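Colleague: Here is how the chains run, residue by residue.
Protein chains: 2
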Amino acid sequence: MSTAATIDKISSIIDQNKDALIARLAEAVEIPSVSGSAKYRPQVVEMAKWMAKSLESIGCENIQFKELGNQKLDGQDVGLPPVVFADYKSGGAGKKTLLIYGHYDVQPANKSDGWNTEPFKLVHDEKTGRLYGRGSTDDKGPIIGWINTIEAHRQAGIELPVNLKFCFEGMEESGSVGLDGLIENEIKNGSFFDGVDAACISDNYWLGTKKPCITHGLRGIQYFKLSISGPGADLHSGLFGGVVHEPMSDLFQIMSRLVTPAGEILIPGISDLVRPLTDEEFNRYQIMDFTVKDMDDATGSSTTIADDKEKILMARMRYPSLSLHGIEGAFSEAGTKTVIPAKVIGKFSLRLVPDMTPDKVVELVEKYVQSEWKKIGSKNTLKLDAEPGGKPWLADPNHWNYEAAIRATEKIYGVKPDLTREGGSIPVALTIADILGKNLLLLPLGRADDGAHSTNEKIDILNYIEGTKLLGAYLHEVAAATS
Amino acid sequence: MSTAATIDKISSIIDQNKDALIARLAEAVEIPSVSGSAKYRPQVVEMAKWMAKSLESIGCENIQFKELGNQKLDGQDVGLPPVVFADYKSGGAGKKTLLIYGHYDVQPANKSDGWNTEPFKLVHDEKTGRLYGRGSTDDKGPIIGWINTIEAHRQAGIELPVNLKFCFEGMEESGSVGLDGLIENEIKNGSFFDGVDAACISDNYWLGTKKPCITHGLRGIQYFKLSISGPGADLHSGLFGGVVHEPMSDLFQIMSRLVTPAGEILIPGISDLVRPLTDEEFNRYQIMDFTVKDMDDATGSSTTIADDKEKILMARMRYPSLSLHGIEGAFSEAGTKTVIPAKVIGKFSLRLVPDMTPDKVVELVEKYVQSEWKKIGSKNTLKLDAEPGGKPWLADPNHWNYEAAIRATEKIYGVKPDLTREGGSIPVALTIADILGKNLLLLPLGRADDGAHSTNEKIDILNYIEGTKLLGAYLHEVAAATS
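Heads up: the protein sequence lines correspond to chains E and C, in order. full-length UniProt numbering numbers the first residue of the first sequence as 1 and each following residue consecutively. full-length UniProt numbering numbers the first residue of the second sequence as 1 and each following residue consecutively.
Looking at chain E on its own, in the form it has when it is part of the complex (with noise of 0.2 Å):
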């Protein structure tokens, strides 16, 4: 059979199995495996061993829980759910090895949050075609995508034209904690990442909502906390006012010569770090399915600082930014208080691209930051202080591993899917890139407006069905390139 005519064959059992797989997902979006809170830890270790049994029954070998120890969660001591690990080894020689990760723990939810139905039972909304529910889209539909195309392959007596390694965890939405460190010690001992070719994540979401797309790159972060203090307490602003150098006018001088209104970084140096734009490239942001009134939907404003759409892209995916979250310290209430702070810290981040790394921008914020503050000559006191940074990260979009999901979505959805960047951080995606050293692939199944973290999250059937059988597609299309 062809790549095509087997494609075909996998999506048209999809097709017919619809009512099994939305009922699987809904089987899985009741278990509330919020992993932020101490009193769900027993349903997230419950959702641990429903993947375990899940992909036991299609023919997953070698399951593992692989055990992180313990956390303070809410004043108590309790365990991290375990990362489940899983083999599922496909007949015959010389067939690629895929890495696929995704997380089976979710965000919080409650009814009382402004959720129209109850956020842990998975409700089919027949007009609109949606599936509402709290890990629907994120990342139990994604994740679960995976079983269902295997069960098709079985259920077709379709062998697997790759071998897979799944790596799924249980602490994705509360800092991944434990997980770096295992991939670390698997990878020195030998084991279980052995003979991994590629890597591919479905924990994102499309650009837009009626255009597929293939991410290769997400921003990284420096953050940054700068300290002044002066007086030795709280002063009043009747007594003190116009008597001392205050620690907040100086503040407000160093962090308005960060960034400007219009988001230009003022610390010399950063720009010339910026990977120069292509005409390839370019092209890309040309193509994308989006608009401004997109981005002016998501913001809830017309404030974009370019008025094109190209630049706006460029601004999210490609360029650094900078900017200001706040002040500890200082009067932050509603109303009015005259008090001049001793001690005020300013918060601020910058998110990096390539070829910036947290190193270096450090080194150029400091730098920048003091040579000002000699320029203000305050008898003040300034401490700038550095949280530890995450790179940026940018996948070759060449590669065959590339070059296999943009055949797969052709397929599946008629349609080149934009290769996008996101402006976000996913840590955990570094450190699978990082520590395999190999191509990883952000393979996102739902929309920009599926509401991950937020209320109502759903997933559309469309993306969960069409999800499914696009997995099934880059799997063959990844057997099929020449690597």
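In case anyone wonders, no lab produced these hints; they're calculated from the structure. Since we're looking at a predicted model, the values are computed, not measured. Wrong hints could be hidden among the right ones.
Identical copies go unnamed one by one, so any copy, or any two together, can satisfy a pair.
For lysine-lysine, the following DSSO-like pairs were computed, each having C-alpha atoms within a straight-line distance of at most 30 Å [to be verified]:
id, residue 1, residue 2
1, Lys18, Lys379
2, Lys337, Lys39
3, Lys39, Lys121
4, Lys337, Lys311
5, Lys309, Lys374
6, Lys293, Lys375
7, Lys337, Lys111
8, Lys89, Lys375
9, Lys337, Lys225
10, Lys337, Lys72
11, Lys379, Lys309
Fit chain C to the supplied structure of chain E, relying on the hints for placement.
Modeller: Chain C only, in chain E's frame:
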């Protein structure tokens, strides 16, 4: 008897009464007349009755409890403590009439706040000669000083050389609720305040700890709230950093353009409103008992903008200042958060000096902020709100009221008092000066280190006893002065 001989005689009686005067203050301190808490309201009223009884015992007439209605406090509807009015009518025609204001309520105090002794028990520290207790200096010591001196006159058989009108309130520490309205009404009705020639308030402190002072000015205040809003909700800086005009970047630009780190106000027109410095005034700063070290001790740091005494004193007393207090709506906790706040409200205030008025300042600030806002070119929305302002107050120190106080101080302390202005605002002073239209004098009894609103509040016995003498001497010097 000459004025000097009379003052000597009264003073010697006050010395003889020393133990009784301390006992009287102890009695008052033991009534916890905390106006800021509903549970102490009966004690505030008890203190009003104690005042009335004391005023009666020294021969006051027309003692009235002026009721001010109710207030909401700690979720309860409680009655406001009365303002106590009383007349002391001296025999003989042609005598001047002074209005004496003071307050019988106190700040909260708990031993657990860091007091070394029970706050509502007057503790005599023999070694230091200090009397510790809540209200000892603010303002029970001073108001009892008036009772003490009249008592001494009666014991000496010396008639008071002036008529007195007492106005003692019980809400000074809690915003003087209802007082303005009462005074205005009384003026309209032409009753209690009829015939007042000048006023005196003993409710502030020496500039330092060694030399007495007399205070003839206070700065006013104009508070602003600067709102900048744009996005419909808080945004994630990964997804939207660099894409939208961030309200925080805009706010830092505007607020950093209000004042320099050296305290220079950047709003055009403000400095033109400041009354020029005369040689006579400058000389007052030169002779003031104050050092840079005193200011460093007060701020717990070495952060004065100026390095000489006169500039420091003028910055507090005779120049305006602008302080940035904080931001409402931004991230203000410890830790890190990568938020782009959707709406932020910057808080800042100016301290006003003659001839600035709140209206003129609001006009200049509004004009400047709007013009800077246009330069910024942001798509966000700016709104500037001005709170109700307070005018500065400045009395003519060449008035007989001041001349009398200066001579009295020289008699009692053997030194010419510093003629100071205060950096803060005392709203009731402005009300009395404004509504009465008469010269007002601030005649402090306590010292700078009394810790008025703090733990371990104290008054030195020297200040209490010599202060009582000072009040008596002042009355005689008023009578002797040519008006």
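Colleague: Determine for every hint whether it applies to the structure shown.
Modeller: Status of each hint after checking the structure:
no., hint, in the structure
1, Lys18 / Lys379, "neither (70 Å within a copy, 47 Å between copies)"
2, Lys337 / Lys39, "between (40 Å within a copy, 25 Å between copies)"
3, Lys39 / Lys121, "within (19 Å within a copy, 50 Å between copies)"
4, Lys337 / Lys311, "between (42 Å within a copy, 26 Å between copies)"
5, Lys309 / Lys374, "between (40 Å within a copy, 25 Å between copies)"
6, Lys293 / Lys375, "between (43 Å within a copy, 26 Å between copies)"
7, Lys337 / Lys111, "between (38 Å within a copy, 26 Å between copies)"
8, Lys89 / Lys375, "neither (65 Å within a copy, 64 Å between copies)"
9, Lys337 / Lys225, "both (24 Å within a copy, 11 Å between copies)"
10, Lys337 / Lys72, "between (37 Å within a copy, 21 Å between copies)"
11, Lys379 / Lys309, "between (46 Å within a copy, 17 Å between copies)"
Checked against the numbered hints above, the structure breaks hints 1 and 8 and satisfies the rest.
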